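Engineer: Given only the sequences and the hints, what does the whole structure look like? Please build it.
Residue numbers (this note's numbering), protein chains in the order written: chain A, 3 to 290; chain B, 2 to 335.
What the hints contain is simulated information worked out from the structure, not anything from laboratory work.
Being a predicted model, the structure only gives us computed values, none of them experimental.
Incorrect hints may appear among the rest.
Cβ pair distances, simulated, as ranges [said to hold, decoys possible]:
{"no.": "1", "chain 1": "B", "residue 1": "Arg239", "chain 2": "A", "residue 2": "Ser185", "range": "29 to 37 Å"}
{"no.": "2", "chain 1": "B", "residue 1": "Glu152", "chain 2": "A", "residue 2": "Phe158", "range": "51 to 59 Å"}
{"no.": "3", "chain 1": "A", "residue 1": "Gln98", "chain 2": "B", "residue 2": "Asn123", "range": "37 to 45 Å"}
{"no.": "4", "chain 1": "A", "residue 1": "Ser182", "chain 2": "B", "residue 2": "Asn123", "range": "56 to 64 Å"}
{"no.": "5", "chain 1": "B", "residue 1": "Glu18", "chain 2": "A", "residue 2": "Gln98", "range": "22 to 30 Å"}
{"no.": "6", "chain 1": "B", "residue 1": "Pro38", "chain 2": "A", "residue 2": "Thr178", "range": "30 to 38 Å"}
So, partial list: chain A residues that the calculated Cβ filter (under 10 Å) puts toward chain B [said to hold, decoys possible]:
{"no.": "7", "residue": "Leu92"}
{"no.": "8", "residue": "Asn127"}
{"no.": "9", "residue": "Ala196"}
{"no.": "10", "residue": "Ser200"}
C-beta atoms are modelled at their ideal positions from N, C-alpha and C, and glycine is treated no differently.
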Amino acid sequence: MATQHSRSAARLMMAPAVVLLLAWMLVPLTMTLWFSFKQYLPLRGGDLGWVGFENYVRFVTSSAFWPSVQATLIIVGGVLAITVVFGVLLAMLLDQPFWGQGIVRILVIAPFFVMPTVSALVWKNMFMDPVNGLFAHLWRAFGADPVSWLSEASLFSIVLIVSWQWLPFATLILLTAIQSLDSEQLEAAEMDGAPSLSRFWHIILPHLSRAITVVILIQTIFLLSIFAEIFVTTQGSFGTRTLTYLIFQRVLESQNVGLGSAGGVYAIILANIVAIFLMRIVGKNLDA
Amino acid sequence: MGRITLDKVTKSFGEAEVIPPLDLTIEDGEFAVFVGPSGCGKSTLLRLIAGLEDVSSGQIRIDGQDATETPPAKRGLAMVFQSYALYPHMSVRKNIAFPLRMAKLDQAEIDRRVTGAADVLNLTDYLDRRPGQLSGGQRQRVAIGRAIVREPAAFLFDEPLSNLDAALRVGMRLEISELHKRLQTTMIYVTHDQVEAMTMADKIVVLRAGHIEQVGSPLELYRTPRNLFVAGFIGSPRMNFIEGETAARHDAHTIGVRPEHIAVSQTEGEWSGVVGVSEHLGSDTFFHIHDTGLAETITVRADGEVGFRHGDRIRLSPRTDAIHRFDKQGLRIG
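Structural biologist: Structure representation (structure tokens):
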């Protein structure tokens, strides 16, 4: 059916969307690249001309860089570990038939629809507040001293908040994967003498491996850029300054657009490396 | 050893009673086939024996031991599923070895048994492939391999050939029969295909709505079907049933004559009719005869070379010694 005519009509009709998308992507990208090679200090003299790769060198050699990489890795790794482990467990639980299944499934997915800023504020003020938070009350109920979560266990707190947001996503993807498992395989394993733990290790987990990989890669891309949760809680203090937050600080707090842009370019490269892996795995999934 | 006894076994799913009280004994070394139309409870019955479903009441004994509450793995039975249920992420070798690994056998013994099974089933060249890289027939053999390495008391087959094409099905049918002759192990085989039942079974169990309609050897069922259902189910094409006056002349409510027991002729015969569709199989030809005044259509088998054409009026004569008579309740007379 793809005649010459219909093909050119299709191109014409897709053109506005494609042009818009390109502009949306290319303009900021080009500007970031452009500024990353400039000494640009809006409040301290404005555009001070080209400086070559100096911004790139300064960004990675600053004392804040490696700690920020470390914080990023801890947050991303921590959230991934929590969401995958609990995602698998929750998915298996939700796969069981029980009364009120539909409502429970919707409730489980709900946190995903809460805006990051809102959920972080709720966690900060209602749960983790050392005076009035629920945790503080709980601790006091047992006679313990309340923990100031966001300063004493800052990284862990942020991992907790972000995990709460992303757990539904992992659960949802893993639940659909579990539902696609042929029940005869499990029955065959049962006949073959595999107790339930062995069935989990030898049948369910391998079946979920692709879904888990997809969850890990998609989440990594999004987790590398978490910002709101840090902004409304610790503002990057107590060792919670991630790479994304460092770039924000370089641009807005130090008013050094060139330096921040160079950091942005690093972040783009990093995200693209993950994206390439993701595309290959998702692509392979579609082939099979 | 593998003598399986079902004693007043029932199964209900909620309100619905799928298996009413049922007694059945399958002798050691027997090839028993459960056959019946879809939804007759034959797969459920197999799953009860396997332990994948719990019985609602009654007792299942394996070699005299009460196995009603025994978990599936401990019953010493191996099952081949309709979808084969191979583990897609494991190689053929690992698939076959899986039950042995679960039984914690030592590696040398596992290797010995896997190699032996692969040898028997012509899988030696495929041991390192994944199930996804195999054809339907090969997957079927892997599933059987996974069953035989366990050296079970009995094999359970749940419609194992229904996903194969016709040619392969005939081949696998022979292979399974061959395997049974060699291993002399009890096999229970579920199918809706009466040809599979007739060709493979020592004992056929015809089921309808959870009830056992008749148990017997293939030829017993063919020669002396106990009721109309069995008569219609066993034999292909199905038996012709004639009611009314013609049946009354044989002192029966219904008489049944198999297509192969009616002779066709241009000139002579008790009944007459008009040829409708003819199905030429080469060796045989099946004519569907209309306007006989006996039943809507009468199917007859003739030699492959008999060349009646659509619309020809011909005459039919049933073999009088091969007329089955049934009473009003559909039960066999005499």
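Engineer: Which of the numbered hints above does this structure break?
Structural biologist: Hint check: 4, 7, 8 fail, others pass.
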